[in-house]
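Trainee: Chain by chain, the residues:
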Amino acid sequence: MTLILKPVETYRDDFTFSNSAHAIARFPFPFPEDQYRYSVNIEPATSRDPGSVFEHWFDIDEHYRSEMAERARVLEQDPRRYLVMPHMQTASWDALQMFMEHLSNDYPALFSLTRAGDQWHWRNHVLGIDQHFTFGDPGTLPCEPLEFITRQVQGDIALLDQRDNDLFMDAGMVTSPADWSLAFDAGMSFKQWHTPVPMAHELGVFDRALKYLLNIQVDKPVRRLNWTLTINPRMDTSPETFHEWGHDRSTVTAENAGALVHLRVELQFMARLPRSNGLMFSIRTYLISLNELVTNPVWATRLHRVLRDLPDPIADYKGMTRYRQPLLAWLSQFDPHA
Amino acid sequence: MNDVIQVRVHAALNITPVIREITFEPVDTALPAYSAGSHVQVHIPLAQRTLRNAYSLLNAPADRTAYRIAVRLQEHSRGGSRYLHENLKVGDVLNLSRPANLFPIHTLGRHHILIAGGIGITPFLAYSEHLLREGASFELHYAYRSGLTDAYVQPLAERLGDRLHAYDSLERPLNLAPILSNQPLGSHLYICGPQRLLASVREQASALGWPDGRIHWEAFSSAEPGLPFSVELAQSGRRIEVGADQSLLEALEANAVEIPNLCRGGVCGQCVTRYVKGDVTHRDHFLAANERADRLMPCVSRGCGSSLVLDL
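So the protein sequences, as listed, match chains D and B.
If you're matching positions, the first sequence starts at 1 in the working numbering and goes up one per residue.
If you're matching positions, the second sequence starts at 1 in the working numbering and goes up one per residue.
No lab work stands behind these hints: they were computed from the structure.
Careful: at least some of the hints might be erroneous.
[Stated by the list, open to error] Pair by pair, the computed Cβ-Cβ distance ranges are:
| id | chain 1 | residue 1 | chain 2 | residue 2 | range |
| --- | --- | --- | --- | --- | --- |
| 1 | B | Asp28 | D | Leu127 | 28 to 36 Å |
| 2 | D | Pro86 | B | Pro178 | 24 to 32 Å |
| 3 | D | Asp166 | B | Ala288 | 46 to 54 Å |
| 4 | D | Asp179 | B | Gln195 | 45 to 53 Å |
| 5 | B | Pro178 | D | Asp179 | 52 to 60 Å |
| 6 | B | Thr281 | D | Pro86 | 43 to 51 Å |
| 7 | B | Val90 | D | Glu101 | 27 to 35 Å |
| 8 | B | Arg292 | D | Ala315 | 26 to 34 Å |
| 9 | D | Gly139 | B | Ala199 | 41 to 49 Å |
Think of the CB as a built atom: it goes at the ideal place given N, C-alpha and C, for glycine as much as any other residue.
Pulled out of the complex, with its shape left as it was, chain D reads as follows:
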């Protein structure tokens, strides 16, 4: 099916964002069973299910224009959402190359790349970008390589430096975080930036995950799904703007939950950056209102059971304690055994 890009919708103020029936059908619903459990649910990122979010390394969907406009707006207000430490230059070029090669190959109608040695020509037909540059020479681009490319790719990106048998958050473009901050996590090690996650440390989840990630090989990426809830289709739920969105949690009632509450799913993708030996961590966020979600009755029933039985510390970490009761009251109407 041909990819049809919607005109720009908003993730703030009047919140005009919505999903088409096609986008709902391909939404990556993250619960394989009625109960949510922590696990190192990492799998090889092999292409599967043509048309699904798992087909390509970097999924482009109908919200492309909206997400790029939102990123530009966030950066205008807060340039610190983008960061590259000096030792991450090679990794930045690695990332640019990986994006350009995959996007032009997977979406030839939207992007094209031609190369003669280190003379590259990149075209983004959607955003009207036509750029000749010398690969490896930042002076030939209008901005730094990582900023240039991540302004054209959906999803947040962190580039992790690998050293001392650990990973460090040393570069990235993070404008749509689920309540975490690149500026705050900058320079932290893998376990340091995961410190706030409840229960998982005791289970040894991060020891196993780190060991796995350190051994990711070139061209053998892996992926996993993560999830949380967000009130309104708001992409930028960062600590820096908490004053703008934190109070939304108190507005949920058993009547409006379907419209206000959104399931937020992150498709996390981890790939070895070949020249720098760094690791790319991309976080592709999918939002769906519960009104949209319950059009699939299996999802509706399952989401009710998962949220009802979620351990309190996890519910608290995901920020839903305040409105959990009205949300469950609304969801229970879709669960025949409730």
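Please build the complex by placing chain B on the supplied structure of chain D, with the hints as guidance.
Mentor: Chain B only, in chain D's frame:
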């Protein structure tokens, strides 16, 4: 994504009586890019079976048109290096594993000190290209035997100028103390070469107060032969015979038991396998003494004495 890359031998050149440089070109698509310090496993098609030996990649990591390796002829090997020296011809098609890096350059190093012994120069050829390109501060100390393992002295001297310090072991032995003393804070030390060089550098660096995290080394060696033995797989009840010049890992693979592995030389820890009982000759450089009670690395270690039972 395929686990092996098909390549064709583009050139093979004896650069000393014991070192042969081999250049591979891709058969269809461009080769994967890699980082300095990476190695590939070369699948060597011996008459009876396929060996997989790991070799460092030599060329500038940005180069995706060819891979170069250098192979030292090992007198007491199981035939892999001998095949690459005596049987491999230009035009032959071989399989390689994808590049992996167990010996990366530390990204925060302010100054990099590279010490190579003999064929241990190979990863530092790629290091040098990367560090030159980055404009990084570094020095390379290269000990060799003239006419035997001095494969890259001349080109390195031209490329590196006074960053290269060459030591012909018969005339000017490597003296570690001045190299390891009075280095700036933020220096990182990298060693590649024979076991005794590694041990000696690590010992002296440690005595001079170098923190462990600043010392990096690569100790590649392939599996060495031993006595034949047999092994039992506890979960399937199968029994597998391991030949004298075959590693346990190779014997498992020959019987369609695949185990994750990267270095095949006892250092990376990928192939660690639990065993339930039996006597083991441990030959790895990875497992701690207490871990060896129930774990072994089948790429180099072997059963001996009582029958070995693996938790597979």
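Trainee: Each of the hints needs a verdict: does it hold here or not?
Mentor: To see whether the hints hold, each was checked on the structure:
| no. | hint | in the structure |
| --- | --- | --- |
| 1 | B:Asp28 - D:Leu127: 28 to 36 Å | holds (33 Å) |
| 2 | D:Pro86 - B:Pro178: 24 to 32 Å | holds (31 Å) |
| 3 | D:Asp166 - B:Ala288: 46 to 54 Å | violated (19 Å) |
| 4 | D:Asp179 - B:Gln195: 45 to 53 Å | holds (51 Å) |
| 5 | B:Pro178 - D:Asp179: 52 to 60 Å | holds (54 Å) |
| 6 | B:Thr281 - D:Pro86: 43 to 51 Å | holds (47 Å) |
| 7 | B:Val90 - D:Glu101: 27 to 35 Å | holds (31 Å) |
| 8 | B:Arg292 - D:Ala315: 26 to 34 Å | violated (44 Å) |
| 9 | D:Gly139 - B:Ala199: 41 to 49 Å | holds (47 Å) |
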